[in-house]
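Protein sequences appear in the order of chains F and W. So for the first sequence, this note's numbering puts the first residue at 1; every next one is plus one. So for the second sequence, this note's numbering puts the first residue at 319; every next one is plus one.
Simulated from the structure, these hints should not be mistaken for laboratory data.
Quick list of simulated restraints, FRET-style, between CB atoms:
1) F:GLY191 to W:ARG436: 22 to 32 angstroms
2) W:ALA378 to F:PRO302: 41 to 51 angstroms
3) W:GLN406 to F:ALA175: 33 to 43 angstroms
4) W:ARG436 to F:THR101: 30 to 40 angstroms
5) F:GLY171 to W:GLN406: 41 to 51 angstroms
6) W:GLN406 to F:LYS130: 50 to 60 angstroms
Partial chain F-side listing against chain W, Cβ under 8 angstroms, derived:
7) SER179
8) ARG180
9) TYR183
10) TYR184
11) ALA187
12) GLY190
13) GLY191
14) ARG193
15) ALA194
16) GLN196
17) LEU198
18) GLY199
19) GLY201
If you want the footprint, here are the derived chain W segments under chain F, 3+ residues with CB under 8 angstroms:
20) 387-394
21) 397-409
22) 415-426
23) 469-478
Don't be surprised by glycine CBs; every beta carbon is placed ideally from N, CA and C.
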Amino acid sequence: MRRAPIAALLLLAAASIVWPMLVDNVFYQRVGALVLLAAISASAWNLIGGYAGQVSIGHAIFFGAGAYSSLLCFTDFGWPPIAGAPVGVAVSLLLAFLIGTPTFRLRGHYFSMATIAAAELVRILVTTIKPLGGGVGLMGPATPRSVADLSFRSPLPYYYIFLGVLAVLLGLTWAMERSRLGYYLRAVSGGERAAQSLGVGVLPTKLAALLLSAAFTAIAGSLYAVMVGFADPNSVLGILVSVKMVIMAALGGAGTLFGPLLGAVILVPLEEWTNDVFGGSGTGITYVIYGAIILLIARFQPGGLLAIWYRRQARRAA
Amino acid sequence: MVEAPMLAARGVVQAFGRLRAVDGADLDVASGEIVGLIGPNGAGKSTFFNALAGDRIPTAGQICFEGRDITRLRPASHARLGIARTFQVPVTFEDMTVAENVLVGAFLRHPRRVDAARAAAEVLAFTGLDAFARAPARRLGTPGRKRLEIARALATAPRLLLLDEALAGLNPAEVQAAIGLLRRIHARGIALVIVEHIMEVILTLADRAVVFHQGRVIAAGPPREVVEDPGVVAAYLGRSLSRRRAG
Numbered sequence: 001m002r003r004a005p006i007a008a009l010l011l012l013a014a015a016s017i018v019w020p021m022l023v024d025n026v027f028y029q030r031v032g033a034l035v036l037l038a039a040i041s042a043s044a045w046n047l048i049g050g051y052a053g054q055v056s057i058g059h060a061i062f063f064g065a066g067a068y069s070s071l072l073c074f075t076d077f078g079w080p081p082i083a084g085a086p087v088g089v090a091v092s093l094l095l096a097f098l099i100g101t102p103t104f105r106l107r108g109h110y111f112s113m114a115t116i117a118a119a120e121l122v123r124i125l126v127t128t129i130k131p132l133g134g135g136v137g138l139m140g141p142a143t144p145r146s147v148a149d150l151s152f153r154s155p156l157p158y159y160y161i162f163l164g165v166l167a168v169l170l171g172l173t174w175a176m177e178r179s180r181l182g183y184y185l186r187a188v189s190g191g192e193r194a195a196q197s198l199g200v201g202v203l204p205t206k207l208a209a210l211l212l213s214a215a216f217t218a219i220a221g222s223l224y225a226v227m228v229g230f231a232d233p234n235s236v237l238g239i240l241v242s243v244k245m246v247i248m249a250a251l252g253g254a255g256t257l258f259g260p261l262l263g264a265v266i267l268v269p270l271e272e273w274t275n276d277v278f279g280g281s282g283t284g285i286t287y288v289i290y291g292a293i294i295l296l297i298a299r300f301q302p303g304g305l306l307a308i309w310y311r312r313q314a315r316r317a318a
Numbered sequence: 319m320v321e322a323p324m325l326a327a328r329g330v331v332q333a334f335g336r337l338r339a340v341d342g343a344d345l346d347v348a349s350g351e352i353v354g355l356i357g358p359n360g361a362g363k364s365t366f367f368n369a370l371a372g373d374r375i376p377t378a379g380q381i382c383f384e385g386r387d388i389t390r391l392r393p394a395s396h397a398r399l400g401i402a403r404t405f406q407v408p409v410t411f412e413d414m415t416v417a418e419n420v421l422v423g424a425f426l427r428h429p430r431r432v433d434a435a436r437a438a439a440e441v442l443a444f445t446g447l448d449a450f451a452r453a454p455a456r457r458l459g460t461p462g463r464k465r466l467e468i469a470r471a472l473a474t475a476p477r478l479l480l481l482d483e484a485l486a487g488l489n490p491a492e493v494q495a496a497i498g499l500l501r502r503i504h505a506r507g508i509a510l511v512i513v514e515h516i517m518e519v520i521l522t523l524a525d526r527a528v529v530f531h532q533g534r535v536i537a538a539g540p541p542r543e544v545v546e547d548p549g550v551v552a553a554y555l556g557r558s559l560s561r562r563r564a565g
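All chains should be built: construct the whole structure from the sequences, respecting the hints.
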């Protein structure tokens, strides 16, 4: 059974609540907020990519939909950006349905390639659409008009907002793991033919996971837009946005509750650190490191880091 | 009047290009009956079996289950209607435990986890897999996997169970254990369609044997009579040998 001991869980929760108050360094607090934001998107991806084994490399579409909806609602209607989040979720659900229905007929690498194609198509399309800011992108409010704009100088409020959203998402994932949907997803991932023979509707099951996944990825996108106050095609729709979700989940353990969080805890500080050490030229180094991580996971630990832990637990139980 | 069969297949054709792997096959299965599908390799029995399970839509013909046309339905619908199956090469969910594999099947009739878990536990005990319940499915050997597939299928509470060489690759003791299990399943009122190479299984278990040859049914009836049928002997042993035997 994949059950983290409750004591460890409480400790983790307490540590994540107290930690930023103990660190009196804005840089670290900001990194903490970014870790949580990345953990939200990677955990959202995990629902379809991990549990259902449908490796989407096009989740930037949903992230971008969330970010753009938030900023568009601000630019066009003067709403606080966070009020655009439900719009982003709605747009994401629609896109997920439109993209998922045909692509889920593809298996394995073909599915992944189709999602890359769809995401790149959307990115290029958005670059040419004037009302969406074209290649320049959209801006949030320059100065906060009210608290509702969620524009803070300190990273701490963001940290706690992200922590709350992540807790809700992980709670939902935990409940899903134990529900019929959770088992059906793992069955689909384990073998579609066998799953079908047991009465599992493969397409509806995948679609349910994708919709849930897309909704939370869109929320992550909205939160990103709220915090950063800016979105352009590369920063929220680029292929790296999708790839990062995949790598974080895979490094920590795809298809496990805390795998994506663990991946984010390792990778985000690593990225911030390389950017810091190597400066502007460091962006390239980050991707070299990502490439190396992909190779290492594939070669030595396809189940992610948490797989080591589960294996040890299983051995102890046996 | 004779009771309508539970499963009725009429004129089923499965063509792959010019090859007609199944060429107009009929099959009736009565409620609670055990039917053995036999025939030499390449006779079309597995292809026919897959058509019954909904894995492949037949090129022509009709399949009805309890009066309902299921010819074009998908496998998931078959399961919901009460037809379960196993696979020739077992496809268990490797990353799940034995109990979780069975749980997936049990969820079909019990959407709530507690109910499904109770149903799964009952099936695990019934199939003798309860000792391995918490072991990962990938740790099981071939006999265990075949048994797990049967358990998983049983958890969907079927009225008809299709077994595709469920006993192939087992040693004699394991075959006897499996025959015992199939008898107990049958005693629950579940009809069985068995594709099998091991003649002993058909002879001891089946009420009726149906012999496939070159995509057609060439004989059907009580197993002991069917295996003596000259046409069947010819199909299995080749024409020259049977002629020598006959002469």
